[in-house]
Amino acid sequence: MQNASSGISLINDIHQESSPLVLARHRTFPVVDELAGLFTDGGIRQGSTTEITGVAALSLASALTIAVSRSGSWVGAVGLPMLGSSAASDLGIEFSRWVFIDHPRDQVGAVIHALMAGVDLILVGPDIKLPPDHGRKIVALMRERGTSILTVGKATLCNLRPDLCLRVSQATWTGIGWGHGHLLSRKVEIELVGRGANSNLRRELVWLPDKEGRLKTVDQSNEPANLLQSAPRMQKVLPEIGEQVLQAS
Amino acid sequence: MVLTNTRTLVLIIPHWRVIAAGATHDHRAAVVKKDRVVDVTPAGAEHGITPGTRRREAQKLCADLKIIEDDEERSIRKFNSVVASLESVTPRIEIATGGWCSFPTRGPSRYFGGDQALARIVAERTLKALSAVLKTTEVPSVMQPRIGVADSRFAAVLAATFTSLSRVQVVVPEGSATFLAPFPVDVLASKYSPLLEAKELVDVFRRLGLKTLEDIGALPSEELLARFGSPGLLAQQLAQGIDGRAPLLHSISDVVLEESEIDPPADHVETAVFVAKALADRIHRHLAINGSACVRILIEVESEHGEVSSRLWRHEHQFTSADITDRVRWQLEGWYQSENPPTGPLSSVRLTVDETVPDSGQQLGFWGEKTVNDERAIRSFVRIQGLLGPDSVTVVQRGGGRRLTDIEQRVPLAGTRFDPDQVITLPESTAAPWPGRLPAPLPIAVLPQAQQVEVTDGNGRRIGVSGRGQIEEDPVRIRSDSLGSHPIIGWGGPWLLDEKWWDPATKSRQARFQFLLADGTSHLCVIENGKWWLEASYE
Numbered sequence: 000m001q002n003a004s005s006g007i008s009l010i011n012d013i014h015q016e017s018s019p020l021v022l023a024r025h026r027t028f029p030v031v032d033e034l035a036g037l038f039t040d041g042g043i044r045q046g047s048t049t050e051i052t053g054v055a056a057l058s059l060a061s062a063l064t065i066a067v068s069r070s071g072s073w074v075g076a077v078g079l080p081m082l083g084s085s086a087a088s089d090l091g092i093e094f095s096r097w098v099f100i101d102h103p104r105d106q107v108g109a110v111i112h113a114l115m116a117g118v119d120l121i122l123v124g125p126d127i128k129l130p131p132d133h134g135r136k137i138v139a140l141m142r143e144r145g146t147s148i149l150t151v152g153k154a155t156l157c158n159l160r161p162d163l164c165l166r167v168s169q170a171t172w173t174g175i176g177w178g179h180g181h182l183l184s185r186k187v188e189i190e191l192v193g194r195g196a197n198s199n200l201r202r203e204l205v206w207l208p209d210k211e212g213r214l215k216t217v218d219q220s221n222e223p224a225n226l227l228q229s230a231p232r233m234q235k236v237l238p239e240i241g242e243q244v245l246q247a248s
Numbered sequence: 000m001v002l003t004n005t006r007t008l009v010l011i012i013p014h015w016r017v018i019a020a021g022a023t024h025d026h027r028a029a030v031v032k033k034d035r036v037v038d039v040t041p042a043g044a045e046h047g048i049t050p051g052t053r054r055r056e057a058q059k060l061c062a063d064l065k066i067i068e069d070d071e072e073r074s075i076r077k078f079n080s081v082v083a084s085l086e087s088v089t090p091r092i093e094i095a096t097g098g099w100c101s102f103p104t105r106g107p108s109r110y111f112g113g114d115q116a117l118a119r120i121v122a123e124r125t126l127k128a129l130s131a132v133l134k135t136t137e138v139p140s141v142m143q144p145r146i147g148v149a150d151s152r153f154a155a156v157l158a159a160t161f162t163s164l165s166r167v168q169v170v171v172p173e174g175s176a177t178f179l180a181p182f183p184v185d186v187l188a189s190k191y192s193p194l195l196e197a198k199e200l201v202d203v204f205r206r207l208g209l210k211t212l213e214d215i216g217a218l219p220s221e222e223l224l225a226r227f228g229s230p231g232l233l234a235q236q237l238a239q240g241i242d243g244r245a246p247l248l249h250s251i252s253d254v255v256l257e258e259s260e261i262d263p264p265a266d267h268v269e270t271a272v273f274v275a276k277a278l279a280d281r282i283h284r285h286l287a288i289n290g291s292a293c294v295r296i297l298i299e300v301e302s303e304h305g306e307v308s309s310r311l312w313r314h315e316h317q318f319t320s321a322d323i324t325d326r327v328r329w330q331l332e333g334w335y336q337s338e339n340p341p342t343g344p345l346s347s348v349r350l351t352v353d354e355t356v357p358d359s360g361q362q363l364g365f366w367g368e369k370t371v372n373d374e375r376a377i378r379s380f381v382r383i384q385g386l387l388g389p390d391s392v393t394v395v396q397r398g399g400g401r402r403l404t405d406i407e408q409r410v411p412l413a414g415t416r417f418d419p420d421q422v423i424t425l426p427e428s429t430a431a432p433w434p435g436r437l438p439a440p441l442p443i444a445v446l447p448q449a450q451q452v453e454v455t456d457g458n459g460r461r462i463g464v465s466g467r468g469q470i471e472e473d474p475v476r477i478r479s480d481s482l483g484s485h486p487i488i489g490w491g492g493p494w495l496l497d498e499k500w501w502d503p504a505t506k507s508r509q510a511r512f513q514f515l516l517a518d519g520t521s522h523l524c525v526i527e528n529g530k531w532w533l534e535a536s537y538e
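Just so you know, the protein sequences line up as chains A and B, in that order.
All residue numbers for the first sequence refer to numbering that gives the first Met the number 0, where the first residue is 0 and numbers rise by one.
All residue numbers for the second sequence refer to numbering that gives the first Met the number 0, where the first residue is 0 and numbers rise by one.
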């Protein structure tokens, strides 16, 4: 028995060491801790499309690139002439390996295609439109190259199918009143709606930005409890399990 | 980029390292660095020992071979005495390394009656100094100095190393490209070439069937840049007889000069070197901020009695601060052991950066593991520039100011001189002391062009501001084509901007307000001359 079991473990070892295949879902781009809770793999899966919508979409999309920009990877921003580099670097983004293609004109497909050969993460602005056939080709190429795309605004508008949808469902500013004070910090609630392994609804509550302009987790011990509720998630999961049990019996 | 060439004379003394190590041509001796032979005497070479041979193997080939450890300081210190003999010819001698120096020929050539005459005089004087070093009147021909004059440094180096019997070769003006054309591509990877790590590049050239420099010079430069990055472009410029990296043409105010008193005056070389190190660090930082790199530096050290040692140093690639410190040490060691050593302690050090080049990112090893990323990325940007035009790809550069458009600056990425580690971002910008600045956090969406909006009070009347920027009525609603119409639920301000009031043409007076709208969005609007503009959003 002992010999047999050690033999099996040896086979497992060999299999692991010789296996050339690294599944795409094992490779991710890093995301700062404050937002990592939104992703099942702890980061942006390589070759995936993430759609970011809602009030603070641009801030959130930028915040998602912080860790990548600091890891020495390249980020390309297509059609985002308005992105304010001061606010973005206050968020924590390193601009040393970050390029902008503000006006791709009618060459969007070709530009994104070329970018994919050189950068790891591509940010696509809200006004960018891709022809449908280009969208499909780009998705195929993203899988192959491992480049990921973040769209600011609806991904379907530029003919990309999102793997993950992040939505800012609530945004509350502090510091400003009626004729006094100024915009100081914004508490946002981010909801994730995904497909496959990500189909659970996840939420995250962060300061985007906090009063120093940075990204910060909301300290929930001092918060009223009603802001975060796990009830919707439970409701969604429970019926599925029930069905499976019925089928099995 | 303006490419300027300087007609240059290059002097190379073959086998200098063994000469500096005290060996003569009939000794069987080799200079070894990191277990590899770097130089060998002609007598040793007869046994089949060549530079690059391992120490063990060299000893096997020639049992009584004398092995001498390499010492760059010794090599340069002794070379100083040779260079000193040329100082009456020109004061602008640049030492690259032991046994190799150069100077621009324009002035001295006119004085001595042409390049040929100048080269002959340099050859005579060097030979005389060399025989003093070797302590023999008969300098063996293999060790005699070789001289080349040409329009570019690289051409002059090749003219010197591939001289015919006469050991002096002058390439006619404007004739460098023709002179270079027949050389095999391998010379790009020689030890005198400014191309770093060019062996692999040359290998690829050869496999592509590009055998001579003429073949490379004839290729379209954009293609070379797109395929091989900046090393490819540099290779082509060298092949065409252009001194690759153009010196930045700068005015006097841009010259970087750092000097420091040594207090108390120092008797030891090391003390002065220590002072110089701090200066070198400062220079290096200063240049890095400007995205340039130093290739030539003037080092001047003064003693308390007013004696000055002054020398120009050149680096084929670029000086790091440690390189500069080394040069200071070598120069001082040489000075103390020369015929006219300083009589008093050293009292001041001055470093002047004499020539800089755009930092073309040479440290991005084209083939290196770490930065393959960057080269790949830059190639893809070059492709996009080909599609959309050279200024279509931009990178961030931060400026100072009060207006968002002053702070936010994008500069076009020029593929040839981009180095990601040199892009300047100023993290402190939000804390910079600009009165009238917006309070942090700053808006993340800055409209490239402000859009006109309408801000109205409860009765639908447009709102203006008083002379002091105070709002006349409470703003209740904002409307524009792009935003739509939204009730305002919170507002702050004004932040006043009264810029250039002394100049009627450019003066501007603005009041800025933050508006929080019912749909949760927040915006920065300005009013100027009674008109409201949407400037940025806190998206």
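Simulated from the structure, these hints should not be mistaken for laboratory data.
Please read these numbers as outputs of a predicted model, since none were measured by experiment.
Ideal placement from N, C-alpha and C gives every residue a C-beta, glycine not left out.
A few of these clues could be false.
[Claimed, not checked] What the simulated footprint calls covered on chain A by chain B, stretch by stretch (three residues with Cβ under 8 Å from a Cβ of chain B suffice, anywhere in the stretch; the number is not a length): (1) 68-76; (2) 84-91; (3) 97-111.
Hints, one by one, checked against the model:
1. Given a C-beta distance limit of less than 8 Å, the hint that chain B covers the stretch 68-76 of chain A holds, as 3 residues qualify and 3 suffice.
2. Remark: the stretch 84-91 of chain A is confirmed as covered by chain B, as 7 of its residues place a Cβ nearer than 8 Å to a Cβ of that chain, reaching the required three.
3. Only residues whose beta carbon comes within less than 8 Å of a beta carbon in chain B count, and the stretch 97-111 of chain A has 11; three or more means the coverage holds.
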